[in-house]
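Trainee: Using the sequences and the hints, build the whole thing.
Line by line, the protein sequences give chains C and E.
Going by my numbering, the letters in the first sequence line up with residues 1 to 115, in that order.
Going by my numbering, the letters in the second sequence line up with residues 1 to 116, in that order.
Keep in mind the hints are simulated off the structure, nothing from the lab.
Watch out, some of these pointers could steer you wrong.
[To be verified] Calculated lysine to aspartate or glutamate pairs in the EDC-like style (CA-CA distance at most 20 Å, straight line):
#: 1; chain 1: E; residue 1: LYS11; chain 2: C; residue 2: GLU42
#: 2; chain 1: C; residue 1: LYS77; chain 2: C; residue 2: GLU8
#: 3; chain 1: C; residue 1: LYS60; chain 2: E; residue 2: GLU104
#: 4; chain 1: C; residue 1: LYS68; chain 2: C; residue 2: ASP2
#: 5; chain 1: E; residue 1: LYS57; chain 2: C; residue 2: ASP2
Okay, here's what each chain looks like letter by letter:
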Amino acid sequence: GDSVTQMEGPVTLSEEAFLTINCTYTATGYPSLFWYVQYPGEGLQLLLKATKADDKGSNKGFEATYRKETTSFHLEKGSVQVSDSAVYFCALGNAGGTSYGKLTFGQGTILTVHP
Amino acid sequence: DTGVSQNPRHKITKRGQNVTFRCDPISEHNRLYWYRQTLGQGPEFLTYFQNEAQLEKSRLLSDRFSAERPKGSFSTLEIQRTEQGDSAMYLCASSSQTQLSSYEQYFGPGTRLTVT
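Mentor: This is the structure:
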């Protein structure tokens, strides 16, 4: 079945540091890929998405490129802020078969940014 | 619209008791999803509805779990004869019907269940 693996965390950075959170996936067909974010005390929110190979999703300074050859969707940001402290989840959606709209999530990566 | 709401936010129950959670989706969304999240893990899919029809159930959803969505609006998730292993955060999400937008799911804050 489909699966998503994220880099083990947590990740602790100083403000303005470069961020990379690794994500790899296993799926049949042509999944869409997502990053969701959960800020403290809030529900999961969609951060960015990519629907086909080589697509780049971007939002709020975060970027991720859909790499089919390496089955990866790594999240990057050039300069993190304290307000980026949150839990980040990589996810895939596979429209094949009957799993229409079902998301498969990675285990999440806790990011803490210090001033 | 204030987004997806869930009630209660926290529930503590004794093993063997029944519990019911409610989810109110974004009003124009006809798809509704339930996920379960345990500590340190990502959400795991449980079931989803398109309007009032329950179209898919995960094998995680044992026969002690039942979900309904009468009239295609709010949904309830009931757990009968709760076990300690049911302790988790139960998340509800909703989305609109088009293929891609189904994955752009809007999540509620969750109901945290603790079974003692």
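Trainee: Each hint should be assessed against the structure and marked as holding or not.
Mentor: Going through the hints against the structure:
1. Straight-line distance between C-alpha atoms of LYS11 of chain E and GLU42 of chain C comes to about 18 Å, which keeps the hinted pair within the 20 Å bound.
2. Of the supplied pair hints, the one linking LYS77 of chain C and GLU8 of chain C holds, its CA atoms being roughly 18 Å apart against a limit of 20 Å.
3. Annotation: proposed proximity of LYS60 of chain C to GLU104 of chain E holds, straight-line Cα distance about 17 Å (limit 20 Å).
4. At roughly 15 Å between alpha-carbon atoms, LYS68 of chain C and ASP2 of chain C fall within 20 Å of each other, so this suggested pair holds.
5. The straight-line distance between the Cα atoms of LYS57 of chain E and ASP2 of chain C is roughly 16 Å, inside the 20 Å bound, and the hint therefore holds.
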